[in-house]
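There are 2 protein chains.
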Amino acid sequence: MSETELILRRRRLLGRHVTTFYDEPFAPVRGEGVWLYDRTGRPYLDCYNNVPHVGHCHPRVAEAIAKQTATLNTHTRYVHDLILDYGERLTEHLGPGLDSMIMVCTGSEANDVAIRMAEAVTGRRGLIGTDNTYHGNTSAVSQLNAHKTPIGGFADHVRKVPAPDNIFPLGGSPDGQAKAFCAEVEKKISELQDTPHGFAALILCPYFANEGFPSLPRGFLDRTVKAVHRAGGLVIADEVQPGFGRLGSHFWGHERLGFSPDIVTLGKPMGNGYPVAGVVTSPEILETFQKQFRYFNTFGGNPVAAAAAMATFKVIEDEGLQENARMVGAYALERLREIADRQEAIADLRGAGLFLGLELIREDTPATDLSAMLVNEMRRRGVLLHSTGRYAHILKIRPPLVFSHENADLLAETLASAFDTVMSRQ
Amino acid sequence: MSETELILRRRRLLGRHVTTFYDEPFAPVRGEGVWLYDRTGRPYLDCYNNVPHVGHCHPRVAEAIAKQTATLNTHTRYVHDLILDYGERLTEHLGPGLDSMIMVCTGSEANDVAIRMAEAVTGRRGLIGTDNTYHGNTSAVSQLNAHKTPIGGFADHVRKVPAPDNIFPLGGSPDGQAKAFCAEVEKKISELQDTPHGFAALILCPYFANEGFPSLPRGFLDRTVKAVHRAGGLVIADEVQPGFGRLGSHFWGHERLGFSPDIVTLGKPMGNGYPVAGVVTSPEILETFQKQFRYFNTFGGNPVAAAAAMATFKVIEDEGLQENARMVGAYALERLREIADRQEAIADLRGAGLFLGLELIREDTPATDLSAMLVNEMRRRGVLLHSTGRYAHILKIRPPLVFSHENADLLAETLASAFDTVMSRQ
Numbered sequence: 002m003s004e005t006e007l008i009l010r011r012r013r014l015l016g017r018h019v020t021t022f023y024d025e026p027f028a029p030v031r032g033e034g035v036w037l038y039d040r041t042g043r044p045y046l047d048c049y050n051n052v053p054h055v056g057h058c059h060p061r062v063a064e065a066i067a068k069q070t071a072t073l074n075t076h077t078r079y080v081h082d083l084i085l086d087y088g089e090r091l092t093e094h095l096g097p098g099l100d101s102m103i104m105v106c107t108g109s110e111a112n113d114v115a116i117r118m119a120e121a122v123t124g125r126r127g128l129i130g131t132d133n134t135y136h137g138n139t140s141a142v143s144q145l146n147a148h149k150t151p152i153g154g155f156a157d158h159v160r161k162v163p164a165p166d167n168i169f170p171l172g173g174s175p176d177g178q179a180k181a182f183c184a185e186v187e188k189k190i191s192e193l194q195d196t197p198h199g200f201a202a203l204i205l206c207p208y209f210a211n212e213g214f215p216s217l218p219r220g221f222l223d224r225t226v227k228a229v230h231r232a233g234g235l236v237i238a239d240e241v242q243p244g245f246g247r248l249g250s251h252f253w254g255h256e257r258l259g260f261s262p263d264i265v266t267l268g269k270p271m272g273n274g275y276p277v278a279g280v281v282t283s284p285e286i287l288e289t290f291q292k293q294f295r296y297f298n299t300f301g302g303n304p305v306a307a308a309a310a311m312a313t314f315k316v317i318e319d320e321g322l323q324e325n326a327r328m329v330g331a332y333a334l335e336r337l338r339e340i341a342d343r344q345e346a347i348a349d350l351r352g353a354g355l356f357l358g359l360e361l362i363r364e365d366t367p368a369t370d371l372s373a374m375l376v377n378e379m380r381r382r383g384v385l386l387h388s389t390g391r392y393a394h395i396l397k398i399r400p401p402l403v404f405s406h407e408n409a410d411l412l413a414e415t416l417a418s419a420f421d422t423v424m425s426r427q
Numbered sequence: 002m003s004e005t006e007l008i009l010r011r012r013r014l015l016g017r018h019v020t021t022f023y024d025e026p027f028a029p030v031r032g033e034g035v036w037l038y039d040r041t042g043r044p045y046l047d048c049y050n051n052v053p054h055v056g057h058c059h060p061r062v063a064e065a066i067a068k069q070t071a072t073l074n075t076h077t078r079y080v081h082d083l084i085l086d087y088g089e090r091l092t093e094h095l096g097p098g099l100d101s102m103i104m105v106c107t108g109s110e111a112n113d114v115a116i117r118m119a120e121a122v123t124g125r126r127g128l129i130g131t132d133n134t135y136h137g138n139t140s141a142v143s144q145l146n147a148h149k150t151p152i153g154g155f156a157d158h159v160r161k162v163p164a165p166d167n168i169f170p171l172g173g174s175p176d177g178q179a180k181a182f183c184a185e186v187e188k189k190i191s192e193l194q195d196t197p198h199g200f201a202a203l204i205l206c207p208y209f210a211n212e213g214f215p216s217l218p219r220g221f222l223d224r225t226v227k228a229v230h231r232a233g234g235l236v237i238a239d240e241v242q243p244g245f246g247r248l249g250s251h252f253w254g255h256e257r258l259g260f261s262p263d264i265v266t267l268g269k270p271m272g273n274g275y276p277v278a279g280v281v282t283s284p285e286i287l288e289t290f291q292k293q294f295r296y297f298n299t300f301g302g303n304p305v306a307a308a309a310a311m312a313t314f315k316v317i318e319d320e321g322l323q324e325n326a327r328m329v330g331a332y333a334l335e336r337l338r339e340i341a342d343r344q345e346a347i348a349d350l351r352g353a354g355l356f357l358g359l360e361l362i363r364e365d366t367p368a369t370d371l372s373a374m375l376v377n378e379m380r381r382r383g384v385l386l387h388s389t390g391r392y393a394h395i396l397k398i399r400p401p402l403v404f405s406h407e408n409a410d411l412l413a414e415t416l417a418s419a420f421d422t423v424m425s426r427q
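Just so you know, the sequences run in chain order X and H. So the first sequence is numbered by the working numbering: it starts at 2 and just counts up by one. So the second sequence is numbered by the working numbering: it starts at 2 and just counts up by one.
The hints are simulated quantities; they were obtained by calculation from the structure and are not laboratory data. Any given hint could turn out to be false.
Same chains, same label: a pair holds when it works inside one copy or across any pair of copies.
Only pairs whose alpha carbons sit at most 25 angstroms apart, straight line, appear in this in silico BS3-like list of lysine-lysine [to be verified]:
no.	residue 1	residue 2
1	Lys-68	Lys-315
2	Lys-292	Lys-161
3	Lys-149	Lys-292
4	Lys-149	Lys-180
5	Lys-315	Lys-180
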């Protein structure tokens, strides 16, 4: 069946509004490590997907899933050791007070639970998030992302603060920015306290991934975290994107920024593609939540989910993938720096570990079109990446963590040529 | 590690309020067909679990998951044929107008999406459900199930109507009950129309599974469906429990009652344990939803989820499991009838296919305690079932669909003895 036919069938079944990433939709049939292959056998270097965290179809994860699927798959109302082995291993890697867990199926479900934990603990509902973020797709969570007014209007208990930004910063110096961010949060806290909702929690991605991951100094959020706690609120760190070693220097995004969240949510990379996610918090917060809400998740934390998550975790450790992210990420930054030095449109090059971005600005304006052209040109050249940021003007590079120096070279060389091609068309 | 140690670790990690089904928690280590085995190798006849729809660890489903996990697992922004093959196959088994699909990971996510579809189509939010139902665990959906007042109060746009009931019926005769149910729905529609929310949808399980699946005549909901449509609302059929052939006579619960929903939601049994769920509706409703909400589900409909769902679907067909549910279910009812004839506490025996219940009443009062004692006694005797209904006073029998006549005999014989044991203690 041709790809055109696939597209037609897809449109009929899944609707006209399901986007594909590229002008020319991509239809992979096989994956291995950092590579995806189309049906002609052409390899594509995957510089984008974070779900296959330890590499597409990693044999150890695939085997763990296969073995447990053939042995037993039930639910957490029966007792099983795998979820316990995994949870204990996971929480050892998180700070004090983060040693209880609920396993769910998606990051959306994790954040949906985390928000209710904060509600249960505080008895209040007011929620603050950053603008242009993404925390998931449930009705409640998507209030934080909604661009179009939801039916019935935006929820009055959800307020947004401007995320930090490197190019258009609020507050000037790094310290000024930290103060400005805190001031915005305090303003929203105060607004919420003047409503019947009160203030329950601040939720944020500690890498501000969807907002283009501005470079921030360690300690950036200290003042804000104190302000939240002073107001009796909780801090929820959404580690769906930065967690599990991707940032190289640290295992978690909040660890890198140097703050201790009250609740941590996990998702995408946790099971290398198996639908598994989680919420980690203190025993006290968990208990308060469980008393208030009778929460049960049918598939959450089942033996196969636990086996997939455990295998993924072990591979990260056994293959030294956090360190690989640090080293190869630093090398990739260097190689990309050569391009940034030549291309005026690259206003900033930044990132940590294997989560890098090139911010494109032309005539003081976010270069959304240029970004889209590059994304498509790279796809034509067999390298997969995509854009992010408020104006989709930042090239996002976020490969599986088994990315090598050689892969970084191929990425940089292809991007250099793609830039030349696209610029020559201008 | 002893089961006591497992329980202690579990309490520490997962919290004190995660219930186990039995006084003596059950810790299976292996599953096959209708059997679960503990670590001593003791077999337990599974008369309860509907997630392993075609049998625990069915080799064809396990193989499909293993093979696809080792080949490719991405997301629906790339194009892949498996989700299309599955969706086309699935929607062929649904009525006209039900031929577009969104795949998600859990029944909760499916209902959360379905509700927003109704909001998008109607521009209104008012939602009517039955009392004592369960449609899932997201913040929005759990408003339909909440027993304890959620923080911030019950959502004003959610209203409940009494579910039909065989023992304490509202309205007398079957036709009277159908009229009474419709009258209750119309009353809530009218109440909602007097609020700014307006009326968007009626959501129900077309088997009223969580309310003890009262016996209802075909056509029971016809009047109600007309009233909903007359008010410009949509009918959402939550087929998570009755769907995929379990009821024997029909593939879907709504088909058995003889009405056409606007949206159908699917979950638990869909992938035989792989976290996969879905929403099926018309292309028009899907498009309106997609225009209003930019919905994307990372794991939803990925190639492995589609492979798991497709293998499950093929096994249902190839092994004639709907017909098996019809035949063995009818036989099990006969065998259970012998017990019901002897035990006065069994006020009603009912069900369809392999979804059966024994309603326990003593002195005109739901016999919750007796039900709990029987559930635990059966577990001690190596047969797993559980209770349901408004007062947890209905023994629920809902095994994997590969349940045989021999299994039904063992169930009936064990239940007869368990009854004798429990009654002799009274």
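Status of each hint after checking the structure:
Taking the shortest Cα distances, Lys-68 and Lys-315 sit within 25 angstroms of each other both inside one copy (16 angstroms) and across copies (22 angstroms). Proximity of Lys-292 and Lys-161 under a CA criterion of 25 angstroms is satisfied inter-copy only: 23 angstroms between copies versus 29 angstroms inside one chain copy. Taking the shortest alpha-carbon separations for Lys-149 and Lys-292, only the inter-copy value of 9 angstroms comes in at or below 25 angstroms, while the best intra-copy value is 35 angstroms. With identical chains, the CA atoms of Lys-149 and Lys-180 are never at most 25 angstroms apart, being 30 angstroms at best within one copy and 40 angstroms at best between copies.
For the identical chains of this complex, Lys-315 and Lys-180 are neighbours neither inside a copy (39 angstroms) nor across copies (60 angstroms), given an alpha-carbon limit of 25 angstroms.
In this structure, the earlier hints numbered 4, 5 are contradicted, and the remaining ones agree with it.
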